Each structure stands twice: as structure tokens, then as C-alpha cells.
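Put together the whole structure using the sequences plus the hints.
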Amino acid sequence: MSVILVFLLVIVGFAGWWLSHQRLMAKPWLEQGVIGDIIGPEGSTLPTAKIGLGVFLAVVGCLFALFTSAYFMRMALSDWQALPLPRVLWFNTSVLVLSSIALHCASVAARRGQIDTVRLGLATAGLTALVFLIGQLVAWRELTADGYLLTANPANSFFYLITGMHGLHILGGLVALSRTTAGAWNGTPPERLRLSVELCAMYWHFLLFVWLAIFALLAGWAATFIEICRQLLT
Amino acid sequence: MVDITPADTVPPAEVAEMELYHPHSWWTKYVFSQDAKVIAIQYSATATAIGMVALVLSWMMRLQLGFPGTFDFITPEAYYQFITMHGMIMVIYLLTALFLGGFGNYLIPLMVGARDMVFPYVNMLSYWIYLLAVLVLVSSFFAPGGPTGAGWTLYPPQAIMTGTPGGQDWGIILMLVSLILFIIGFTMGGLNYVVTVLQARTRGMTLMRLPLTVWGIFTATVMALLAFPALFVACVMMLFDRALGTSFFMPAIVEMGEQLQHGGGSPILFQHLFWFFGHPEVYIVALPAFGIVSDLISTHARKNIFGYRMMVWAIVGIGALSFVVWAHHMYVSGMHPYFGFFFATTTLIIAVPTAIKVYNWVLTLWRGDIHLTIPMLFALAFIVTFVNGGLTGLFLGNVVVDVPLSDTMFVVAHFHMVMGVAPILVIFGAIYHWYPKVTGRMLNEAMGQFHFWVTFLGAYLIFFPMHYIGLMGVPRRYNELTDMTVMTESAHDLNSFISIMAFLVGFAQVVFLFNLIWSIRHGREAGGNPWRATTLEWQTPQTPPAHGNFGKELPIVYRWAYDYSVPGAKEDFIPQNMPGSFGSSREPA
Amino acid sequence: MAIALVLVLVVVGSVLFHFLSPWWWTPIASNWDYIDNTIIITFWITGVVFAAVVLFMAYCVFRFRHREGNQAAYEPENKRLEWWLTIVTAIGVTAMLVPGLFVWNQFVSVPSDATVVEVVGQQWQWSFRLPGKDGKLGTSDTRNVSPENPLGVNASDANGQDDVVVEAADLHLPVGKPVKMLLRSIDVLHDFYVPEFRAKMDMIPGSVTYFWFTPTKTGTFQVLCAELCGQGHPLMNGVVMVDTAEDYLAWLGEQQTFAQLSAPQQVGSAE
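Protein chains in written order, with the UniProt record's numbering: chain A, 1 to 234; chain B, 1 to 589; chain C, 1 to 271.
Hint data in this document are derived by calculation from the structure and do not stem from the laboratory.
Quick caveat, the model's predicted, so the values are computed rather than measured.
Careful: at least some of the hints might be erroneous.
Here chain C is said to cover these stretches of chain B; the calculated rule only asks that three of the stretch's residues, wherever they fall, bring their Cβ under 8 Å from a Cβ of chain C [what the hints assert, rightly or not]:
(1) 67-80
(2) 260-266
(3) 293-307
(4) 339-347
(5) 452-465
(6) 488-498
Heads up, the beta-carbon is just placed ideally off N, CA and C, and yes, glycines get one too.
What follows is the structure in C-alpha cells.
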């Protein structure tokens, strides 16, 4: 459970940092009047939707951290046999990176009001994300064809489970992205469009990060890395 | 003293935005409503309905335990299905849903001075997915093989094996699917509760001016958002094991002489995941109760809550600490024994902030002006049962004391007292307190008195003696106690007594439900602020509050939530949105 | 007003119930009276706190109940009082925790002279295995379980041949000798629990757990399963008899070893 505890420690650190700016030591009974004038507005100046997405991403991060924790705990048992990663995963990774870059460009363009670049970026991102998903299915098929079935070994089970869970999140993101893309063609007001593009980009970057972490995990690098850290510590 | 001149009122800019989702038809107003208050009532009604099912199930269990062999229809299978569904419904579908989905939805926007939740559409979806989860759960009663009988902890391997009711039928699958749906639905709602508190507070509502109710629900929601994924992961993995034949949790097993296909998995892994959710879950239920009861005591004792800052810090501290105590549910699970030292220490440390909260409630009563209204009675009863249940937690949290007591009726008595009876007493107190705001009418006093006395004393008489049955060594989850040597004749009589009390307490709830319905039409008119309370929900222009909560202009907050009996003020309460400074000597001597 | 009286009655009633009711733990039959002592310490500390808090509350309700013209005091906080309460609580908690951890350390440190007994749980019965003359248990694996080899003993392990196998029958233990119970299950979670011994531990399929104790009284004790193991859970009773040394040896002499039990089958399959 150490992975999830480290993850929570990060969350606690973030929450602590935020709380430390909230005057928790103040004596509220001594303060009358609107103190908003002194310490600024009550909420954050970030758009509410972004904060909402941030909280959601924390939950998603928690989910994957827990899968990782379970992965490591199960891995320690004797019947674990690592499976060879299909080559196509490297291609998929680069496609997903491309997708993220496209959305980044789209959000920069949205800030500048270049609607054509926004459309191009959104379409590229959507297509590359689709290619990523198809690539993941190809990887699954290759593995099954080679006899690495879901139930044959826990390493296989985890591979399908975690990549599947990540794929579902991409799929959910694609729904939001397609709505944004439709909006980009149908003339959503620029302010709103910019916000939704930025939200999509934020989600995409996060899922890319999650994918990279998963990739490292499934390839066995994460375990090696932890082993090295452990040796350094002892 | 910081004294600031009141700023001008907020320009009604948000009103236009609100119009975007303003209900236009009967359907969007009462059924597919995006108004947090309607969603709150939908959540509460659904949770109460499914909670009644769980109450009836508990009667069935008590029939079997109190009068063994008398009722043939309670077969061993049925008994295990009853305990499982009773536990799961009460913990997840009733308590969590009611505190966060019900009270959270109703109170957060009103108390922080917001028009609504920040993502109303997602909020609406949250309820409908919750309803779907409940329906899936209920459907398992009608599925072949019936609902699962794996115990609410759903420990593998037995949860998905033939020796357990529903293990190789639909029961366990429907249970897991229902939980997954619940978690998805809850996450949608939870995002709303958290972000609304973060972003939609009205002017002047700093964090330290929030009523403790909001602090409790807010912290509990943050915890739930981080803890429920653990249950989600456990459920998905178990679903894979059950439906697809993987071996996440399933070791090599010989079942009734047959070797199963699974191998190598770890049942302990499931327990870690389950309790990583399960322990925070206790506080997910407890923290809203802590918050609400603080406000009930303060309002009805006409005195500011004692040690507000300490209360806030304690809530946050308990919330954080509760993530590092989960394995105290696993002292005798066979995990590495050295974990026991760590988890016993963290568990007992958490007793300190919890005790501080209790002291502060009691010290709020000191030199107060205590109105013994029904909400106040429930709050006092909460303190008794919570202290009792919390103290028995010190037995079970202390690793070596837990060894003889774990998995006995002592545990059952403990957690019913501390997270069953205590939070539900708060729920009752809260309903008597806020019902006038929700409906505009007071609940009937006589029925309320009856409900209170029977529920409080009855529940205490059920669960206090039950500890001693556990101390004798009687394990939990036994439908037959007749062959047990430690179970004396008199202990069987005590069990019958407990069962009779359980029926009595259950009956009182029927009276309560009747009161809820009867008073909608026949209750005394309440007016806008019958308890003369300070918080914003009592200052709405209409009662019940209309869509958008506060009419044209949002209130501005000038003071904390606990200005009761301020020396020198004309009335014994000053609403949070009342400008001007009152009181000369606010610094304690 | 009634509530103040009832709060007092709750405290008085609970205390009287605690001291006067006939329901109390069963007489102990093992060395774990340390655990009982820790429970007694905890009862005293928690009992005093419970009575103090509820009685104080009753007094407040009585003394400060609403009467016409009353006004509550305005008292946001009292740092000194809060600190004192925190410190006193911390001391109380430590007073319970420290002895607890001390005893836990004993509980998990098995004495070196403890003899080993293996308990195997399955739906819904108990079996036992004791090491033979070599003092060692042979290895085992759930995969080896068959009707002829109900405990899954590894037939190729020489240490296992002289192991005494007691299938679905009573276990006997010599009085006064520490035993280390090795706990194993071949299907679901079980928990070997004898209330008189105070100790218990889950058994997990796929791994071996343990606890130890020293029986201090001869007699017959009921084994209960304390971890839900399916619908036969309450029927999963067993018997442990704690014997004098002579009786124990007599019983042991009547038992069959693994080799003896599997011999006829091996002959049969060879033909």
C-alpha cells in the first residue's frame, strides 16, 4: 500500500498548503464585517470548472495509484510471471504524446483566438486518441494470439485490467472532446470554447502522465526503480 | 478587534447564469431537477426507503437470534443474506447517501450562501446513478440464488464460492456492480460538494466562518473521494475473479473435494483494499454527524460552540489520520504481526482529537441556556452513545485487547453504537431541526418525544448488553448459538430481550415516518427561523427556499456562525448576514 | 429535566450492569491472563471517562436548562482548559496503549520450546497435524489435497511421513507446555478460536499463520470458527482437550501417521 500512501501524502501536502492560506489560526469571533476586502475573494480566481476537473483528476489518480499498489502486492507472490510487452505499445505511447501535444497547441491557439488552429488541434487530438485506443486493442490481440490469456497469470490479468481501465478513461475523454470539437465548428463563444479546450488539454496531459506511469509499471521499470531506491536507502 | 465597514451588496450578476437551468416543466422541477434541494430530497427519500428494507432485515436477524428455531423461513442461507444486505445498505446506501447526498446537497449551498451546487447537471446525474445502484441492489433479492450472503465485508475467497449464498449465482455480481455504480454516482456528487465549498462561498464567508456542519460534510466528502476508489478497485478485481476466472484474490483452493481453477492469489490483498476504504468510511459517516451535532448543540443551547478552532482542526486532523489506521480491522487477519504495533499506535492517537470534540460539545452546554427541544435531546443522546461506542473502540484498537474480542458480538455492539446508533441519532436530530426549513412546518412534538425516548433508550438497551455477550466469547455472524458452550442459559434470555428491544425501536421508526408525512400538512407553521439560528439557511427570503435560494441578491456574511448570546446585543442571536458590530468584551477573560 | 435524570440513570445502570450481571468472560485456561489484565485496565479508564462525561452533561442540562430570563455565557474558547484536557486524554490513552503493546510483543514472540501443532480448516471442519518423532512437520500444498491426502501433505517430503494426522476429530494438548499453532486453510478464511484460550488468528488459504499459548487447565474446550466461512460457519465446531502428560501420550499413541494412512493406497496403486 506504499504507492497509495505516497500519493495521499502528495494530496495532503497540497491540501495543507492550501489550508495554510486560509487563516485557520484566525479567531473568527473577533472579526466582524466583510473580510473579503482584506484577504481577497473567498474562492480561487481559477475557473470553477478547472478546479472541479482538478479534484476529479485527484480521484482518478487515486484510482490508478491503488491499482499500482495492488499490482506490487500481488507481484510479490510466487506465481507471478512477467509478460513480454508488445512492441506496438511504443507506437501507442508516441501517438498519445502526439495527441497531448495537439491539444496543447489547440489550447494555446484558443487563447490567441486562432479558431482554425483550434479546430485542427482538436481534430488531430481526437484522431490520434482513437488510434491510441485501436493500438491498445491490437496489443491485446497480439498478446492473446501469443497465448498470454487473461486468466493464465496475474501479470496478464493486471495488464488487461489496467490498460482497459486507462482506455475507458480515454474513451470518456473522447466524449468530452467530441463535444468540444463540435462546438468549435458550430460557433461556441470564444470564452467558453477556450475553457473547454483547456479542460480537455488538462485531462489529456493527465491521462498521458498516467499512461507513462502505467507503461513503466507494466514494463517492470517501476519495480526496478523502487528496488534501486530501496537499496540506496538501506 | 477587526472591524470593517460593510461593502455594498453583490450585484445580481449570477441570476442570469442561473436562468440557464431554471426549471420550466413539472418534470424538470420535481423529477429531473438540477436544484440541489430537490436532489437532496430525492436522495433522502431513496435512502430512507432502502433503509427501511435494511431495518426489516435486522428484525429478521433478531427473530432468529432471539428465538432460535422458531421461525423456519429464516434458513441459514437467508440469515447470511439478511446480515450482508443489512450491513451494506446501512453503511453505504443509507448513511453515506443520506449524510452526503441528502444533507450535503440541502445544506451546503444554503449554508455557504450559494445559489446551487456548482455543477447542477452532474449533481442530478449523481442521484440517478445512485438510484440505479439501489435498484441493482434490490434486484439481487429477486435474482436466482438470492442476494449475496458473504457478509458486508465481502471477503474472498468465500464471497465467490458455492458455500456462500449468491457466491456462484447472481448475488455477488449484482452486489459488486451496484457498488461500482454507487461509487461512480457518488464521485459525481462529491465533486459538487467539494467544489461548491471551495468556489461558491458568498462574500465574507471565509473558511473559519463556515458552520461546522459544512466543515464536517466537506472533509467527509474529500475523504470519500479518496477512499471510495479503493473499494472500486477491490470490486472490479473481485468481479474479474468471479466472472472471468482471474486470480487476484483467489489462492489455490479445494472446494468440497474439487480443485478450483484459481491459484496464487491473496485474500489479504482484498482486505487491505477493502479496509483502506472501510476505515475512512467510518469517519465519512462520523464527520458530518460531528459537524451537524455541533450546530444543533450550539443553536439549542443558545451558546457559541466551545473551541471552534479546535473543532475545525480536529475534523481535519481526524480526516487525515483516518487514512493510516485501516489495518486495525485486520489485527487477527494473519498479516505481518509487526503491523500491529504501528496501527495500534495510530489508532489510539486518533482518540485524542475525537475526545477533544466530545469535551467541546459538553463544554458548550456549560453555562448555556439549554432549550430541551427534540433536536437537542437527540444531540445529547448522540453524545452518550458516541462516547460509549468510542470508548469501546479503545478496546478494539489496542491490538492485543482486540485478539480475544475481534469477530465477537463485542465488535457488533461497538460499531453499531458508534457508527450505527450515534450517527442515526444525529440524523434524527437534524431532521427535526431542518424539517421546518424544508417544509415550512414543524414536526409533531408529541410523536417526536415518543420517537426520541424509545429510540434512544431502546437502542442503548440493545447494544450495551450486547458487548457483554461478546465478552463471553460469542462470535458474530452465527445464526445458531444453541450448541455453544460459552453461551449460558441466561445469555439466551438476554438475547431474547435484545430482540424485543429491537422490534420496539423499529416500531418507533414507523411512528417517525408517519410524523414526517403527517406534519407536511398538519404540522404547526414554522416561519422562516423557528430556532432563532444564525446560519444562512435560516435567513432565506422564502421558506421553503425557492430555486436559487436567496432571491435576487446573495447574502453577505459579516460574522462567524456562532454569535449566540453576545453580551450587549439585543437578541440572543445575530444572523451571519447581519451587518454592524455588537458586543464589547469578546475576548475571553 | 427528564433527560438529566435519565442520563444519570444510564451511567448508574451501566455501571451496575457491569458489576452485577452474570455475563462476563469465561474462565481463562491459558497463559494469556495478561490480555485479561489489559482489558481490565481499559475497562477502568474508559469507565471513568464515560461516567465523568455523561454525569457532567447531566449536571449541565439540569443546572443550565432554559428558564425565563436566562442568558448563556459568551465563551469562544479557553486555551488552558483545552490543553489540559488534551494532555490528560493523551496520558489516559498512553496508559492503555503501552501495556497493550507490551503484551502484543509477547503474543507475537513464540518461545523457543513451543511444540508445533498444525490446524487445517476447511468447510466446515477442523483437522490437525502434529510432528512425529523428528519434531518437524513436512511441507504441504493445497494442490496435493485429495481424498487420500486430505491435508495436502507433500508425499515426497521425508519429514512429513511420520506426521500424526488427525482428520476431523478432537485435538489433544498436554497441559503446561507452550504450543505454537500453525494455521492453514484449504478453501476459505477460517479462524481458530477457543474462547477460554483468549487467542485467535485467521487462517488464510495459501499461507500459514500462527499464534501461541500455553494451556494452563485440563479439560474439554469448544473450538469455534470466528471468521465467516460460508453458510456452515456456525456448525464449524471442534473440540480441544487439554490432558495431563500421561493422558496425552496415551492419546498420541492411538493416532496414525501420514505414512500409515497413505500406505494402503500406495500399495493399491502399485499393483
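Do the hints match the structure? See the list:
Residue count for the region 67-80 of chain B with a Cβ under 8 Å from a Cβ of chain C: 3. That meets the three needed, and the coverage hint holds. With 4 residues bearing a CB less than 8 Å from a CB of chain C, the region 260-266 of chain B meets the requirement of three and the coverage assertion stands. Here's how the region 293-307 of chain B fares: 6 of its residues keep a CB closer than 8 Å to some CB of chain C, so the rule of at least three is met and the hint holds. Closer than 8 Å: that is the beta-carbon criterion, and the region 339-347 of chain B has 4 residues meeting it against chain C, so the requirement of 3 holds.
Chain C is given as covering the region 452-465 of chain B, and this holds because 4 residues of the stretch bring a CB closer than 8 Å to a CB of that chain, at least three being needed. Coverage of the region 488-498 of chain B by chain C holds [criterion: at least 3 residues with CB-CB distance below 8 Å; count 4].
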